[in-house]
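*Asks:* In order, the protein sequences belong to chains A and B.
Under the numbering used here, residues 1 to 163 are what the first sequence spells out, in order.
Under the numbering used here, residues 164 to 277 are what the second sequence spells out, in order.
Think of the hints as simulated: they come from the structure by calculation, not from any bench.
Misleading hints may appear alongside valid ones.
Claimed, not checked - Some but not every residue of chain B turned toward chain A, in silico, with C-beta under 8 Å:
#	residue
1	Ser221
2	Ser222
3	Ile224
4	Gly225
5	Val228
6	Thr232
7	Asn236
8	Ile256
9	Thr257
10	Lys258
11	Val262
What the hints assert, rightly or not - When the alpha-carbon atoms are kept at most 20 Å apart in a straight line, the in silico DMTMM-like pairs for lysine to aspartate or glutamate are as follows:
#	chain 1	residue 1	chain 2	residue 2
12	A	Lys66	A	Glu24
13	B	Lys196	B	Asp215
14	B	Lys249	A	Asp36
15	B	Lys258	A	Asp96
16	A	Lys66	A	Glu31
17	B	Lys249	A	Glu38
18	B	Lys248	A	Glu37
Glycine included, every Cβ here is placed at the ideal spot set by N, Cα and C.
Listed below are the residues making up each chain.
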Amino acid sequence: MAQENKHLEVVLDTQVESVNLAEEMCLRVAEAAGFDEEVCYRIGMSVREGVINAFHYGNQERPDKKIHLAMDITDQKLVIHVMDEGKGFKLKDVPDPLAEENILSTSGRGIFLMRAFMDEFSVVPGRTGGAEIIMSKWLPGSANAPTNGQSATDQHESPRKDT
Amino acid sequence: MALYATYRDVGSVTVVDMGGKITLGDGSALLRKTVRALLEDDRTHIIINLADVDYIDSSGIGELVHAFTSVHNRNGELKLLHLTKKVRDLLQITKLYTVFDVYTDEASAVSSFR
Numbered sequence: 001m002a003q004e005n006k007h008l009e010v011v012l013d014t015q016v017e018s019v020n021l022a023e024e025m026c027l028r029v030a031e032a033a034g035f036d037e038e039v040c041y042r043i044g045m046s047v048r049e050g051v052i053n054a055f056h057y058g059n060q061e062r063p064d065k066k067i068h069l070a071m072d073i074t075d076q077k078l079v080i081h082v083m084d085e086g087k088g089f090k091l092k093d094v095p096d097p098l099a100e101e102n103i104l105s106t107s108g109r110g111i112f113l114m115r116a117f118m119d120e121f122s123v124v125p126g127r128t129g130g131a132e133i134i135m136s137k138w139l140p141g142s143a144n145a146p147t148n149g150q151s152a153t154d155q156h157e158s159p160r161k162d163t
Numbered sequence: 164m165a166l167y168a169t170y171r172d173v174g175s176v177t178v179v180d181m182g183g184k185i186t187l188g189d190g191s192a193l194l195r196k197t198v199r200a201l202l203e204d205d206r207t208h209i210i211i212n213l214a215d216v217d218y219i220d221s222s223g224i225g226e227l228v229h230a231f232t233s234v235h236n237r238n239g240e241l242k243l244l245h246l247t248k249k250v251r252d253l254l255q256i257t258k259l260y261t262v263f264d265v266y267t268d269e270a271s272a273v274s275s276f277r
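Throw the hints in and build the complete structure from the sequences for me.
*Replies:* Here you go:
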């Protein structure tokens, strides 16, 4: 029997505390969805990095802007949306943190970690005008779940429309 | 685990014992403040003992890199000791594991300084 879809959505203030709050909420959802401890850690870390991205790069740490977090559980996967109220960005403009010239950079690893830890990852224009990160993890036992316990390496990207 | 950073001298080497989460906010700030204080005290042979650090995010990784380059810019050396599995895995996938000099026992780390 197909599982009923579940949806949770919260609006967070642009402050450091929202990073921990978002991570804790998503960890609870991931645990309830049946992910094991290691995968929960990866999901939690990805949400943390997504909210840090919204806090710092998207909203520029401006307290008058909000961070929109949503989680959906379908019968196949957990889908997480993190949306900021900034100017948006294109994935192709994000420097590769593994490139030799960037390896000693003190920032710029958040997107890389989300892509590494989740099964699907994309960035699209959000309804607020900012960026919306959409990332998902296949549920344990779902038809598309990796059988070796590792994250899939395929990443799907929806580039921002030029405005 | 509560966040902390203390340091002690082992010969001419300073060992910083850290615990808790090195993440955006207090954890990263504490690491930066500690290393800055050591450099202001002309301590440039530094080992960061991460045995009790059970979590680190991109902000914490960035702070470790900042500490590493700050010490090198003072002609010193900064090495890492006792990485937990999560921290080691993160440094490996970000290709920083080979950038840092990493040790699994303190005596070897201390004796590695020239």
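*Asks:* Failing hints, ascending?
*Replies:* Hint check: 7, 16 fail, others pass.
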